[in-house]
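Undergrad: The residues making up each chain are set out below.
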Amino acid sequence: MDWGKIRFFLGEVLRNFTRNAGMQATAIGTVAITIVLLGLFLFVRAALAGMGANLLDQIEISAYLAPDATPAQVAAVHRLLIADPRIASVEFVSKKRGLAELRARTKGVIDTALLTENPLPDKFRIKVRVPEEVPSVAAGVRRLRGVQNAVYGQTVVRRLLQLGDVLRRVGIGVIVVFVAVAGIIISNTIRLTVFARRREISIMQLVGATNLYIRIPFICEGLLDGLVGALLAVAILSIARATLWPRLLEALPWIQLNSSSVNPVVLVAELFLVGGAVGVVASWISVGRHLRT
Amino acid sequence: MISLRNVSLVYPNGVRALDKVNLEIAKGEFVFLVGHSGTGKSSLMRLLYREARPSAGEITLDGIRVDRLRRTRVPALRRHLGVVFQDYKLLVDKTVWENVAFAMQVTGAHTRDVMRQVPRVLDLVGLSHKSRMYPGELSGGEQQRSAIARALVNNPKILLCDEPSGNLDPTNTSEIMELLLRINLKGTTVVVATHNQAVVDRMRRRVIRLEDGRIVTDEERGYYYLGLGQDQILSG
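So the protein lines, in turn, are chains A and B.
The first sequence: position 87 = 87 (the working numbering), numbered continuously.
One gets the working numbering by counting positions in the second sequence from 1 and adding 1000 to each.
Treat the hints with care, as some may be off.
[As the list claims (entries may be wrong)] Pair ranges (Cβ atoms, derived):
| no. | chain 1 | residue 1 | chain 2 | residue 2 | range |
| --- | --- | --- | --- | --- | --- |
| 1 | A | L273 | B | R1073 | 54 to 60 Å |
| 2 | B | D1113 | A | G11 | 17 to 23 Å |
| 3 | A | S202 | B | L1069 | 15 to 21 Å |
| 4 | A | V166 | B | A1076 | 53 to 59 Å |
[Unchecked claim] Away from chain B, derived, C-beta distances all over 12 Å, residues of chain A:
| no. | residue |
| --- | --- |
| 5 | D68 |
| 6 | G98 |
| 7 | E101 |
| 8 | K107 |
| 9 | L114 |
| 10 | D122 |
| 11 | D165 |
| 12 | L167 |
| 13 | R168 |
| 14 | G173 |
| 15 | I201 |
Hints are computed from structural coordinates only; laboratory data are not their basis.
The beta carbon of each residue, even a glycine, is placed where N, CA and C say it ideally should be.
For reference, chain A alone in the conformation it holds in the complex (with noise of 0.2 Å):
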């Protein structure tokens, strides 16, 4: 290993990084936003997809009973359900049971010890094997005698699919245009950076360095804009995962928020990745349009 090569290139290119300072810290700061933007893409969609196939999983049926129905009736309609191959278990829930579990649901948020008197009807809980078949199987419930109705939570799962999709395609639109504008102020940096070393840029051609061997000091310049915002942007990220996250948690308790299916290492790795790379695209370009000339 020639440690005194490395040590004259790495001195190049601190020496390069250090030199514009001002610009240097205006790319950086760029691709700090756009990472952080693109690191809350990734988590909400990622937390999103990781909640919708949650809820379609957990999704039951309740099969409220009507108020009239007689134990015969109710006793046929629970043999039918456990004869029924699609559904995996069923469950009865009494209206006494039904409100103590609305209680400790609701706790703190509705005080239910307003209420004068139960509104709540018997029901069957049904939990379905496969999610298609829910609506099927719910249809088929309700025409049992002794049923008043059979509901499941179909709006709340097509509205957060639906709201996963439009988030997608304004955070793409979003994290496509900060990639671009990014791109362009380290782009710019580097150009400023090649402007100011023109003279030993030209030197460097007359005593035969090769393109790349002049490049290649400017693309770890870009590089290290790039990595130096994600660092920025990750560590930004984090503080956000650590403080406002709990909050949030807690101001809304009955969203089912849930970042168990965001993987952080994979999310940062991500991250870092666009960072480096926007820094090594954006610069490529910005020293190739020097030397051509």
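Dock chain B against chain A, hints included.
TA: Chain B alone, transformed into the frame defined by chain A:
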């Protein structure tokens, strides 16, 4: 070593810098290229180190067809050449040692070779004792000697000097010319473009005279003005 056949160079603005130039320079020669400013001396130099390409004609340098050379092969050509300019083209934020080493380092040379070669050329140009100084701390002659050391550090076969003494006083000019002569005696082919009449007349080397982009005279052991001995010039 250097061969030009019917070389013409027309700039995009229509100026004809060189017009059907034919020239042969042998290995180990020392050649002056003379003529007024704007007669094509620098253009000819630029063609040789492939900073420009001829509009027509063939240029061969040490067996390499320079006119046909692809862009990616230019660095390889330039490692065979040393180039020296009137304005030295030193990097002001690097020491003499670093300036000279830079020329090797950017070609990817091994540090072991840099450490061996740089002191050798600095000794040759007589600047070993000032290797840690910056260009701003040196005289013009010393700066030009640094530039020559840089041009020589990659062991070129050909040294091209474009007005090397243009910014120097007579004493420094003489020193630079003596240095170039010593380099030539070690076997390097040296081409010097100049309009310094005194230098040319004193050195009595091959003199190629350009006028309006054409070679008008080419003399072994010539004077700045063709066919005229110094006495004749002085007597008018």
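Undergrad: Give a verdict on every hint.
TA: Here is how each hint holds up against the structure:
Checked against the hint of 54 to 60 Å, the C-beta distance between A/L273 and B/R1073 comes to roughly 35 Å, which is inconsistent with it. A beta carbon spacing of about 19 Å between B/D1113 and A/G11 agrees with the range 17 to 23 Å that was offered as a hint. Taking 15 to 21 Å as the suggested C-beta distance range, the pair A/S202 and B/L1069 conforms, at roughly 18 Å. A hinted range of 53 to 59 Å holds for the C-beta pair A/V166 and B/A1076, which are about 57 Å apart.
In this structure A/D68 is separated from chain B by more than 12 Å, as the shortest Cβ-Cβ distance comes to about 91 Å. Annotated as non-interface, A/G98 keeps its C-beta farther than 12 Å from every C-beta of chain B; the closest such distance is 79 Å. Look at A/E101: its CB is around 74 Å from the nearest CB on chain B, clear of 12 Å, so calling it non-interface holds up. No beta-carbon of chain B comes within 12 Å of the beta-carbon of A/K107; the shortest separation is about 70 Å.
Every CB of chain B lies more than 12 Å from the CB of A/L114, the least distance being 80 Å, so the non-interface label holds. Once the 12 Å rule is applied to beta carbons, A/D122 is consistent with being away from chain B; the minimum gap is 84 Å. The claim that A/D165 lies off the interface holds: its Cβ sits roughly 49 Å from the closest Cβ of chain B, which is beyond the 12 Å cut-off. Its beta-carbon lying about 48 Å from the closest one in chain B, A/L167 satisfies the requirement of being farther than 12 Å from that chain.
Listed as a non-interface residue, A/R168 keeps its Cβ farther than 12 Å from every Cβ of chain B; the least gap is roughly 44 Å. No Cβ of chain B approaches the Cβ of A/G173 within 12 Å, the least distance being about 39 Å, so the stated non-interface status holds. The claim that A/I201 lies off the interface is violated: its Cβ sits roughly 10 Å from the closest Cβ of chain B, which falls inside the 12 Å cut-off.
Hint compliance for this structure: hints 1 and 15 are not met, and every other hint is.
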